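Undergrad: Each chain is listed here by its residues.
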Amino acid sequence: MSFHLFKSSEKLTIPSNKEELLKKPYTKFDPEFVYVPLSRNGKSLKEIRSVGDYVARGTLLALDDDKFPIYSSVSGYIKEKKEMEFANGHMQAFVIQNDHKQTFELREPLGKVSEVSKEEIYKAIKYSGCIGFGGAGFPTYKKYQKPAQYLIINAVECEPYLACDYLMGISHISLVFAAIPYLLKLTGAQKVFFVAKEDRELLIEEAINESKKHRNYCVEVVKVPDAYPMGYERSIVSYVLHKTYDKFPIEVGAIVNNIYTYMMLGERFLYGTVPVTRCLTVAGLVKKPQSVLAPAWTLASDLIKFCGGRSTKKPTIVVDGGPMTGHAHRQDFVTCLQSNGVLVFRDVHERAEPCWHCGDCCSHCPMDLQPVQIQMALKRKDIDRLIALNADKCINCGLCSYVCPAHIDVSNNVQIAKALVIKAKRGEKK
Amino acid sequence: MMMQIAKAPHMRKKRTTFSMMMELFVCLMILYAVSLTFYFLKGGPRFTNVQYGLYALQNLGIGLLFAVLPDLLWYLSIFVQMRADYFHVKIKEYFYKVIHSYSYITGLILVLLLPIGLEWYEIAISAFFATFVAKLVFGGFGSNIFNPAIVGRVFAQIVFPTHMTTYLGDIGPSLSNDVAYNITVGATIPGQVASHGFSSLFDIPLWKMFIGDYYGSLGETFAYVIIILAIYLAIRKIIDLRLTITYLVAIYLSSLLMFVGFGAGITAFEGAFRYVLMGGVLFGAVFCLTDPVTSPTSKFGKVIFALIAAFFTMVIRLYTAAPEGVAYSILIANIFTPLIDKCIKGRTDKVLIPYTASLVFLLAVLAVGLAYGCTNTGVSL
Ligand code: SF4
Ligand code: SF4
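Chains as they are written, first to last, in my numbering: chain A, 627 to 1056; chain B, 3 to 383.
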C-alpha cells in the first residue's frame, strides 16, 4: 500500500473471483445462429451480401465508409435480416444459420518478414477487420498509422472473473510472438514489452520461454502488481515507461494492444484467417462457469445455456464484459466481437445513502480526478466547474463507484458529466 | 414501477457508510466506558463516587435521546409526503431515515465533549440544537456544513458558561487546598491556564495527563485511549490520519516555539507536549476534525483544512478570553471547507502547489505561537 500526502496513489486490489476459472481450460461452442451487426458507431454499413447467400467463415459481409470490413463468423446461409439487441445497442443484423461445417474463407498469408512491405502489413491489419479486444473495440489499424518506439502486449486482464485471455494466452503463446516481427517492421519499434499480472505464473513462464526462442528481437516480460485498474493503457504505460500522455499512448511512442489482438494478428499473418471468434468467460450465477471459445456475435442466452444455465431462480441481469465496466442487460442480447465476458448477477439495486464527502473516490481515482466534486457540480449543472475539474479525463474505470461506501453510482455520474464537458468543448470549437 | 437497472460496476466494496459509522460508534462507546469507569472509581470533590458515575450515565442517556429526537420528529413528514404506499413501507422508510441520519453518533460525541455538572436539561437542549439546527436544517446527514456535535458543544459553552467550568474542583495537588478557586474559577486545565498562567500547566505529572487522571470533559482526557482508538480507526480507514497528524504537529510545533519564546529552554518540549494533551485537542483531532462530511474531500484540502483549524486554535487559545479554542477553531475551519474544495481544480497529480501552500499555512500557525512567545517573555514557568 503506497502512501502519498497529496496524490491519489492508493492502488486497490479487488477480489478477482477467478481462481477456479483460471484452472479450467476453455471449451469450444458452435451455436445454431449468429447475428452479424450491419452498423458501426451508429452508421449503417454497405452490405456486400444479401439474404439467402451462402457464406463461409471469414466471408466479407459488409464494409463501412473507411473500407473497414465485417466478416461472417460461421459458415451457412444468411437466413434473414432483422433488428437485434446488441451489447452496444439496437442494430440491423444478418441472421446466419450455422451449418457446423466450419469452412473457412482464407486470405493470402503474409510471407517471410524480410520479404513483405510495410504497406502489405498495414493492409493486412486493416482488412482483417481486427479491433482492440480489450473491450473498447477500437479498430486496430488506427493505432498503427504512425511509427512508434515501443510495442506493449497487454495481458494483464485486471477485471474480476475474466480469465479468457489468460487461458488463450497459455495455449497459443506462439501466435502472439508470431505477430511481433511484422509489427516491429511496420512501426520501426525497438522494444517489446509483455505485461502480465505477477500471479499469472504459467503465462509469464510461457512468455519467457517463447521469447528465448526468438533471438532477433527482444521481448521484456514485465510483471505488474495485482491492482485495479492495472490493465488500462494509461496504467500500463505509466508503469512500464514511467510516462503519462494526454489522449493516446502513441504520444509517448507506445502502442498498446491486448494479447488476444496479437493472437488474432499472428493468426492472420501466418494462416490468413480473420478474427471472427472470441473467447469469453461465462461466470457469475451460472451452473458451470467457464471460458468459452465461440464465434463472434453469439446470443448471450445461448452461451449461458451452454454453461448449464442460471443457478438461481431469482431475477438476474446479464453483464456484457467485466463486472467493473460492463453494461447490464435485462433482455437477451448479442455479444460483440470485443466482448470478453458474459456474467450473470442478481438483479438488485442497493439503496444509496447520501454522499458524506469522505473523499474515498478522490483518493482512488487513477486519473487523479475528484469524482465527488464532479458529481456535486453536475447536480448544479455547473459546466464551467466541470471543465475546471477535467471531467472529460475520466477513463471510466468504475473504481470510484466501487470504493464509495455510500454505494452511489459515482462513476455513472462522472460519465454524464464527461459527456456534457465533451459536448461543451465541441460547441466552443465551432 | 420498474426498478432502474444497476449501473457498472457490478461489484462493490463490502464496506458501507453504515458499517463504518457502527465501528465508530463502538469506538466512541469504548472511550465512554473508560470515562465511566474513571468516574465510578475516582469520583470527585463535590459528591460521592457513585453519584459521579450516575451523572455520567445520565449525560449519555439524555444526550443520545435528545440528539435522536429531532430526527424522530423531522422524518414524521414521510407519513405526509409519500402518497400511494402501504403503511408498512412508510414505517420502514421512517426507521431507515432515522437510523441512517446517524444522530446518535452526534449525541455520543457531544456527551463526550461535555463535562459532568451540566444540568440534564442543558445537555438536552444542546443535543437537540446540535441535531436540529446543525444537521436537519441544512438538509440532513451529508449536507451539513458544521460539525453538529461541535455546534452543540459551542452552544452549551455560550448559553450555559457557568456550568461548563464550575463543577469538579481541583486539578492538581498544589491547588487542591484552594477552596475558593475550586468553586468559582474554571477547573479544566485550559481554564486554569487562562486564569492562572502557564505555570499551572505543569502542576500535574505528565503521566497523569497521559492516562487521563484529571478532570475535564467526559471523553477528552484519556489520551492513551484516544490514541489507541485513532490508530485502530486509521487502520480500518474510517478516519484519515492525514488530518489528525497535521493538526497535532502544527499545534505542537507552534507551542514549542511559544515556549522557546518564553525562554523555557529544554522544558519547552515537555511544555509543548502538555499543551497538546491539554483540553480537547486530541479528541477534536481524532473524532471531530476527521468528520468526513464537514472536511474537504481531497487530500490536499484536508491538510490545508487541518492547518487552518490549528491556526485558529492557537489564535483563540492565546489571544482571546475563551479558555479553549478547539471547538471554535473547528467550526471556523468548517466554514472554509467549501472554499477549499472550490479552489482545488483539475487533476490532483501535481504536488508543487500543495507543498508550497501547506508550508505557507504551517508557517502561519508557527508564527502565532512564536509571536505570542516573543511578546510575553516575562511569563514565569
Ligand atoms: S471512473 Fe473516472 S472518475 Fe471514477 S475513478 Fe475511474 S477515472 Fe476516476
Ligand atoms: S466515495 Fe462516495 S460518499 Fe465518499 S465522497 Fe465519493 S461519492 Fe461521496
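Heads up, a few of these hints could be off.
To give an idea of the chain A side of the interface with chain B (calculated C-beta under 10 angstroms), a few residues [what the hints assert, rightly or not]: (1) 667; (2) 947; (3) 996; (4) 1022.
Keep in mind the hints are simulated off the structure, nothing from the lab. As the structure is a computational prediction, the values presented were derived from the model and not from experiment. Idealized CB from N, CA, C, for every residue including glycine.
Undergrad: Tell me if the interface restraint on residue 667 (chain A) is satisfied: Cβ within less than 10 angstroms of some Cβ in chain B.
TA: Result: violated, 20 angstroms to nearest chain B Cβ.
Undergrad: A closest beta-carbon separation below 10 angstroms is what the hint needs, so does residue 947 (chain A) meet it against chain B?
TA: holds (8 angstroms)
Undergrad: Would the hint on residue 1022 (chain A) be counted as holding, given a Cβ-Cβ threshold of 10 angstroms to chain B?
TA: Where the cut-off is 10 angstroms and the nearest Cβ of chain B is about 8 angstroms from residue 1022 (chain A), the hint holds.
Undergrad: Return the status of the interface hint for residue 996 (chain A): holds when the least beta-carbon distance to chain B is below 10 angstroms, violated otherwise.
TA: Cβ of residue 996 (chain A) sits 6 angstroms from chain B, so the hint holds.
When held up to the earlier numbered hints, the structure conflicts with hint 1 and nothing else.
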